[in-house]
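Q: Based on these hints, arrange chains L, U and A on the given structure of chain H.
Read off the chains here:
Number of protein chains: 4
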Amino acid sequence: MELNFAPPAEVSELAHLVSDFIRTKVVPYEKDARWTSHGPTDELRVELNELARQAGVFAPHAPKEYGGRAIGQVARAFVFEAAGYSMLGPAAIHCAAPDEGNIHLLAHVARPDQREHFLKPLAEGRQRSCFLMTEPGGGAGSDPGMLQTTARLDGNEWVINGRKWLITGADGAGFAIIMAKNEGGAHDGHATLFLADLPDPAIRIERALDTIDSSFTGGHAEIEIKDLRLPSDAVLGEVGKGFRYAQVRLAPARLSHCMRWLGSAVRAQEIATGYARSRKAFGKTLGEHEGVSFMLADNHMDIHQARLSILHTAWLLDKGERASTESSMSKVVCSEAIARVADRSMQILGGLGMTRDTVVERIFRDTRAFRIYDGPSEVHRWALGARIVSGKL
Amino acid sequence: MELNFAPPAEVSELAHLVSDFIRTKVVPYEKDARWTSHGPTDELRVELNELARQAGVFAPHAPKEYGGRAIGQVARAFVFEAAGYSMLGPAAIHCAAPDEGNIHLLAHVARPDQREHFLKPLAEGRQRSCFLMTEPGGGAGSDPGMLQTTARLDGNEWVINGRKWLITGADGAGFAIIMAKNEGGAHDGHATLFLADLPDPAIRIERALDTIDSSFTGGHAEIEIKDLRLPSDAVLGEVGKGFRYAQVRLAPARLSHCMRWLGSAVRAQEIATGYARSRKAFGKTLGEHEGVSFMLADNHMDIHQARLSILHTAWLLDKGERASTESSMSKVVCSEAIARVADRSMQILGGLGMTRDTVVERIFRDTRAFRIYDGPSEVHRWALGARIVSGKL
Amino acid sequence: MELNFAPPAEVSELAHLVSDFIRTKVVPYEKDARWTSHGPTDELRVELNELARQAGVFAPHAPKEYGGRAIGQVARAFVFEAAGYSMLGPAAIHCAAPDEGNIHLLAHVARPDQREHFLKPLAEGRQRSCFLMTEPGGGAGSDPGMLQTTARLDGNEWVINGRKWLITGADGAGFAIIMAKNEGGAHDGHATLFLADLPDPAIRIERALDTIDSSFTGGHAEIEIKDLRLPSDAVLGEVGKGFRYAQVRLAPARLSHCMRWLGSAVRAQEIATGYARSRKAFGKTLGEHEGVSFMLADNHMDIHQARLSILHTAWLLDKGERASTESSMSKVVCSEAIARVADRSMQILGGLGMTRDTVVERIFRDTRAFRIYDGPSEVHRWALGARIVSGKL
Amino acid sequence: MELNFAPPAEVSELAHLVSDFIRTKVVPYEKDARWTSHGPTDELRVELNELARQAGVFAPHAPKEYGGRAIGQVARAFVFEAAGYSMLGPAAIHCAAPDEGNIHLLAHVARPDQREHFLKPLAEGRQRSCFLMTEPGGGAGSDPGMLQTTARLDGNEWVINGRKWLITGADGAGFAIIMAKNEGGAHDGHATLFLADLPDPAIRIERALDTIDSSFTGGHAEIEIKDLRLPSDAVLGEVGKGFRYAQVRLAPARLSHCMRWLGSAVRAQEIATGYARSRKAFGKTLGEHEGVSFMLADNHMDIHQARLSILHTAWLLDKGERASTESSMSKVVCSEAIARVADRSMQILGGLGMTRDTVVERIFRDTRAFRIYDGPSEVHRWALGARIVSGKL
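Protein chains in written order, with this note's numbering: chain H, -9 to 383; chain L, -9 to 383; chain U, -9 to 383; chain A, -9 to 383.
Quick caveat, the hints were computed from the structure, so don't treat them as lab data. Treat the hints with care, since some could be wrong.
Pairs count within a copy or across copies, as identical chains cannot be separated in the list.
Calculated pairs, SDA-like style, for lysine to any residue (alpha carbon to alpha carbon, straight line, at most 25 Å) [unchecked claim]:
id	residue 1	residue 2
1	LYS21	SER380
2	LYS110	ALA373
3	LYS382	PHE272
4	LYS21	ALA198
5	LYS231	ARG219
6	LYS270	GLY179
One chain only, chain H, in its complex shape (with noise of 0.2 Å):
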């Protein structure tokens, strides 16, 4: 079989169905007052999935069972930048984090009776869900060693107690998956995740987190988890395994994060190269300025670099490989490309860039988070480092 870098005919249909949905519904969604500082409102975001729906784009990497088409990674990578092109995008057809990741993890874990209550509605997207993992105060975060809420076995019960923040869709989901410490127990001090209804008074949201991204519905949250009483099958897969379900959602998720916001840094593109096309200074448009083509040019080496990086893993993981090390590495070099994407695009657009007058300032603050999000650049290059000079690499 020969090398090919084009995808197969119904994945450039389903994406360029996509990208007519974004440009021509979801664009103009763009100014609504219901897009806050913590993320489009549940209001707006089930009034643009019913627009998906309508236009046949909703969901469509949720299982064929659930009204989904089940799409593979690869397709994902040409459907996910396609909405990612509109920052309330991934949020309209209903691929956003972390739902998007959460619906592959329920997918691979959970039982059937655990599939008909958490993920069905999930996946029909009746409702959010959120993943609680990172905790506050030197609690688990790039290390989820560090993880400090715990459970322990109390007759039929399970009795969990911690803090947990950073909790993206928290606020308005349906459903938390939470992962905490066994407290005692053959599997003690191992990580177990754990599915619950909210709300729940045991998990009260403290705060909204002001945080610099403004994309995500339900912004984030700090929680506080206090004495939360789930009976002994709330249990997500098995006992104990947390952290390798974790990794489960983890490299797929990040895959994800990249699909989407290359997206941005494609309109990012856009936009800037369509300033540097009118507007003037000393006597040229700026994009006769070199200092601006160049920016223009590096854009796009960037976003063609980061696209070839998805792709590549993307189908890594449709082959049924692992592909952590690829997948960390498309983190690190989408991250830092779709960054510098923004952060020229902002630079074009001089005055203009600095305010809200076009998305790029949102895109700007958003993907500037996602150097953090799903391990710091830090994390991952440790890591890499790590296996290269033992020799795994």
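A: Below, chains L, U and A without anything else, positioned relative to chain H:
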């Protein structure tokens, strides 16, 4: 005379006084709700100004006749950096843009009656001011030659029409300095500066711009000037010399930007260092990871080099030189170094860095804008390169 | 057809064969004194060619009629990278510049008699060739439009005059392809390619240039062409189409540069990694210092991304596309990534890296030159930027 | 005392004198065949030294008792930069490494008899010297603690054994300063410095290393010390204080590297600027292309910032401070800035830049090595980062 990099004792003392004031009195206000996304409110500013007066650190750069100390550029370098440690600091001691630059301009160019009417209350902090140069829609920006706002004499009155935007501090200002292009007359096509009291129904603030930065009192506005009528003596300086005066204002104004934001870089580094000392990951503190300590080292070098650049330009200005090349270089060197410091500091803070729980998030956004303010880096590189190629440098 | 990044089995096999050959047979020659500062001598090259023939890896890109395998661009990507592992490798398997590009050009454009006389011995490795385009003193370079060498018809003969320099492989070449500008005639001012046997007293090699790189057989020469007389049928292709043919040659030629030097980046990384594993400083191995392991990680990512870029462009070329934008991007991306890899590898080696005790020192120097060869990065950014701004991209 | 960045008149005058000398007398020697790949020959050096004496610019940093002017660090900053304009300049006025550092060390530590025997002829330029610290094969390098060369007392004599490499100027030197680790005795395990006349059959220069740089007289050697016997008073300073003296030497020695190579950056910029003014491509001069003029602007800023860094550290040293943090920062800032200048200058020169037709090619190679000399950037970042994290900075 030997080389010397150490400030005179009285400058050190003043800088320490300011530093103490900022750390003890101003920093506690950083969580105040009156610090909005359009900057601190005037109410907050007035409260801080009063504290500054009590501490003896109010407006040390103001002319002595108005209660200031008339400190020079080198002294400002030390004092304004100390003020910039909190992004509320410059507003607190009244050395923020655009007032600081306007005081400088008026002190150099205004007639005695204009000094009394405009400069005195400004220097004493009883009112704020704004500088109306930048225009939307292809008008004046980095290239002031594209000025579209017009001024024509109609009998004894000037009639001014045009649009302005990105006008910092307009909302709440007591007067405006307006740049317009003469239409007709001996100076047809040349730029002139005008002084106008605010509010004035002919100077309509159409909207507050949503911008990436958030530390200027009054935010940034878009303004329509419609048939503004000013008396013939409303001209600041001479008719037709607007660009020349803008230059008088510009070199020190962009240098004082460097000074203030250098203080914010120092702050970001302090916060990042503190976090690196305490936060653990993978078995040791972040600071014990070279991936982090190298960033702290780079921050330290960037701060040091930015400071040297400022001091050198300030020294030239104090000697009476125009130093336009050096202030231009300082603007590029400092804005880029400071932005790197802010970026690395945010990266070191990880998830915390994305949130407004520390001021680094605001510092990051403000210093991003600094790379665009007062001429984007590209305009300075272009001008500098042209001077080199033409043999002027 | 699905996406695919894996080469066909026969390509993998050939690449492995070449890789084994390079590591076992060619690497030992890297200390041979016949590798001079002007490249390997012809004696050394001939000796290596013979070993390559014995190993069955000689000139796999040559047309089948001349004993080659006529492998396409994707196959070359794998094979040439394997050859580039030693900087003597391309000369050894006869895929070095300029011969590789000249074979490609002649195979596409030459008449049957020209193929027999020039291409056959070249493809079979019985002689070398050179391409006389670049000129000193303000003539043709990145801008071929500045061509100063002239060709005019004098009866049945072309008379060519001019100066060329940076002519790789001229010393010892069996023939030259000469680009000259028509003077008079129907194609006045247009460029034409000519074929000329070497040596010829009218083509005088004035000097071997001392250059930063040292891996091309025959080095780089400065040449005077004085009243060179060639028969009217010495034209390669059609009169006046010189620039077009240069383009035919250029896209694949610059891509094969990327392939070969990518191999040298792999080599540098291997050497640096080995050193980082064993060399100790400050109580642990260099590789245990993140300051070093991060550099290895960046090298790994740069190599990976360069390879993806090459494969993508090669795939387009194999599909019959011109891919001039993509080959241009690959040239920038690869030359800069590879230079970074070489630079970091040298830095990791410390004092050892400064010496010729490892080949990294030569790799560093050669790959520095690569950022200039075949159009400096700036020319590519300029062209790419112009295409974006004009809407062609 | 006010800040001041301008040198005293006598320093300016001396710097101008040196500058004139370099431009008129030394530059013409840059094409001399006696400038080999292992640096200028001693014959060439002696010829240049004589010219320097005639011009009154020989060794101004030497102690006054030996004919020098004993100029301080700030004065050196101006004078050595002027000397560095030609890479033969430091050898010409005798301020090159390692002699300049050795003069400094001996002037501070040597006994009167040692001054007479070693320092006097060195300071007067009648002989050269070398400093034997760095070791091959895992010995002393950036981490001097890994010192393997041993010194043990055998009766009245020291017996020294070990291997050294990268020993600059060893070939042709009149004496060596040797660092060795005490074996036995009161200072067992501590380092001591020894003075030894050269040549000595027990100090065998095994080979001249082929290195990327080429400006040090005598090149860099690998040396075997086998049963070298020295009288007990051959110790420089006190037994066991070798590391401390190395530090005395190091801070100013690395700063003078910055000074000299800053001169070479100025030279590279001058050559690149001249080329950019005259060479045309695509219808205008290179300098009219922003892609080039921006590089010239960045060079200008890098040179300016490097100079400020040097002056600041020099000022501290002249005040009697150790300035180890500042000299370390200057080393990183300057070596990286200067390397960027050399790199950009080469890039601007295009094909010409690759050749030795201008000195930029040599400057590029030498300044690449500078990023490794006297501690690679990474060692300085590591030390600086550790000081920040531990609160010492």
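Q: Would you mind marking each hint as holding or not holding in the structure?
A: Right, here's what the structure says about each hint:
1. LYS21 with SER380: Answer is neither; intra-copy 51 Å and inter-copy 29 Å both fail.
2. LYS110 with ALA373: Cα proximity of LYS110 and ALA373: none, with 36 Å in one copy and 51 Å across.
3. LYS382 with PHE272: between (55 Å within a copy, 19 Å between copies)
4. LYS21 with ALA198: Both: 22 Å inside a chain and 15 Å across chains, each within 25 Å.
5. LYS231 with ARG219: within (20 Å within a copy, 67 Å between copies)
6. LYS270 with GLY179: Intra 63 Å, inter 19 Å, cutoff 25 Å: inter-copy only.
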